[in-house]
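Q: Assemble chain B with the ligand onto chain A, guided by the hints.
These protein sequence lines are chains A and B, in that order.
Numbering (the numbering used here) for the first sequence: 1 to 263.
Numbering (the numbering used here) for the second sequence: 1001 to 1389.
Because the hints were derived from the structure by calculation, they are not lab data.
Just so it is clear, CB atoms sit at the ideal spot from N, CA and C, and this is done for glycine as well.
Do not rely on the hints blindly, as some may be mistaken.
As the list claims (entries may be wrong) - Simulated coverage check for chain B against chain A, where a stretch passes if three residues somewhere in it have a Cβ under 8 angstroms from a Cβ of chain A:
1) 1074 to 1088
2) 1257 to 1269
3) 1362 to 1376
To be verified - In silico lysine to aspartate or glutamate, EDC-like type, Cα no more than 16 angstroms apart, as pairs:
4) B:Lys1002 with A:Glu164
5) A:Lys197 with A:Glu238
6) A:Lys79 with B:Asp1366
What the hints assert, rightly or not - Take a look, some chain A residues computed to stay more than 12 angstroms from chain B by CB distance:
7) His13
8) Ala56
9) Ile73
10) Gln104
11) Glu164
12) Thr167
13) Lys197
14) Ile236
15) Leu241
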Amino acid sequence: MRTYKETFAQLNHPALIPFFVIGDPDFDTSLEIVKAAIDGGADILELGIAFSDPIADGPTIQKADIRALNAGITVEKAKDFIAKVKAYKDIPIGLLMYYNLIFQYGAEKFFADFAKAGTNSVLIADLSIDDVDEIYTPARKAGLDTVFMVTPNTETERAKKIAEKCTGFIYTVSLLGVTGGRDTLSDMIKPLISKLKSITDVPVCVGFGVSKPEHAVELAKAGADGVIIGSRIVKIIEDNLNNKVLIAKEVTKFIKEFKTALS
Amino acid sequence: MKNSGRFGQFGGFYVPEVLIPALEEMENAFYKFYKDEKFTSELDVLYKDYAGRPTPLYYATRFSELVGFKVYIKREDLLHGGAHKVNNCLGQGLLAKYMGKTKLIAETGAGQHGLATSMIGALFGMQTKIFMGAIDVDRQSVNVHKMRLCGAEVISVKGGTETLKDAINEALRYWTANVADTFYLFGTACGPHPYPVIVKHFQSCIGIEARRQCLEKIGKLPDIVTACVGGGSNAIGIFSAFVQDKNVKLVGVEPAGKGIETGKHAAPLNAGKVGILHGTKMYLMQNKEGQILDTESISAGLDYPGVGPEHCYLKDINRAQYVAVKDEDVLNIFDIFTKCEGILPALESSHSLAWVYSQKGKLPVDTTVVVNLSGRGDKDVDIVERNSK
Ligand SMILES: Cc1ncc(COP(=O)(O)O)c(C=O)c1O
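For reference, chain A alone in the conformation it holds in the complex (with noise of 0.2 angstroms):
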């Protein structure tokens, strides 16, 4: 299976990161959506578990959530649909999701199951690094990488334990707010990936609020390894949910002008 450390050691760009979450608009086309973000380059993918009440999330991956819920997504049923990307092509995937989901799976289990899947990391929403103990062991005992989040307001000493506590990559939250499509990049990110580069060798990838290749070119001059695209994708799919077949094409052309654009 792929790893990220091959992944981040063979590309000559930042990794590509696209965001989906499984099972919208509806399981079956959802995985052709993820296909044609690997068809247009993604390097790694990202991939939500859909949740209830998603408090780091904005309007955007909210309503993906709902309707990934609606269509019947269950947390048995985003295991098989990991699977079959696997099946499709072996790109890293990387869980987001919320902690509740994992706890009712049982923490042990989850990892190995999602492991055994095809899954790399699983970063958790609301889990920070001081209830590490919860899910570091059994998550690397199932051999899967660890990520977590530091934001603009992490203090240096912080950054340097959660660092300390990635095996996967530190997924940097370009600034204070949830997630969501914005039109300029924050002027806090360049100050962050510079401080993380200077403490850690971790690969630093950056997501929310990252919306257009010009984000992603900015955020690779600043040294970036890899760009998160969330919210910005997600909204192909509520934009053309009454035509499913386009969603497909209009993601593998977003995905290659990204990928035109960093390489």
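A: Here is chain B with the ligand on its own, set in the frame of chain A:
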């Protein structure tokens, strides 16, 4: 963070990284000021002259006759604003002032916490935003008007269940983007650490007074202390003074809505499972996978799928007992109690009265029960009217 914020396995601070510095700042400020002489004397004056503390402990003669044992009422309904919420808002508001914050945000269900926050926003000259589920805006419209009159902005939260849970989601999202200058004045003894500790501290005046008043008035401690439980702030406020008194039975009353067996309720301590939401580990209403379930209760202030971590702990160690009463019994007691005593109880508080009424004829005549009447029912007259046949 200085402390883990745990009550046994419950509590903690399960929040996105971006909120950690804000919670840390709040924890630091709380421990710096909560025993500070200037802070406490300023708060004491506000409790007394602004809120109207101490509140009386009233012997409900006619209601006692009706149920066949002695019922004392802790009159939090007499406080400025009409509920216990002002205790916490004065405490946290003063903390915000000492921290140099200029903006307040809060969630609200019944509108009582929103109103109390709006009052304090006006009092301290702070810009105030209140998040409230669209359904609650509708069913508690009187309070919405009052909040706006105090100068607060009320944001009606659409989507989700459009009740307290969604108001908290939206307030947390807003806070995430505005952590630097905004103080989130959380309304109940729930949510991430340090809130359960802070809210309990500022509500503990209820229990401290009630315990003293019992000794003065009755010459002994009560046999039972009861309170309604939404997030748990009025209950922990009164329970906390009696927890060490092993002979005092503590009874928390949750909303059974249409009935526990129907699933249409908001009683996680009676029918929930341990889980994580809004930053804390607690009993939670959820499906098998961990998705949060819709709740139902006639009282907006109790309509929440979770409950404060300390109550979860008190339940697990068997120090407190948690029961649930149905909407129909709540409406019934609202009518009975009002006609008996000429006091309109909030629908939230009516839950504890309904439990007391359910004990009619079952307890020895010399039993003394203290009911925390957390708020007045003025805000509920429309709902009661709409629901009376
Ligand atoms: C009068 C009254 N009592 C009780 C509650 C429930 O909150 P808690 O459980 O925090 O006391 C509310 C909440 O709005 C309320 O308005």
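Q: Which hint numbers does the structure go against, in order from smallest to largest?
A: Of the numbered hints, 1, 2, 3, 4, 5, 6, 8, 9 and 10 do not hold.
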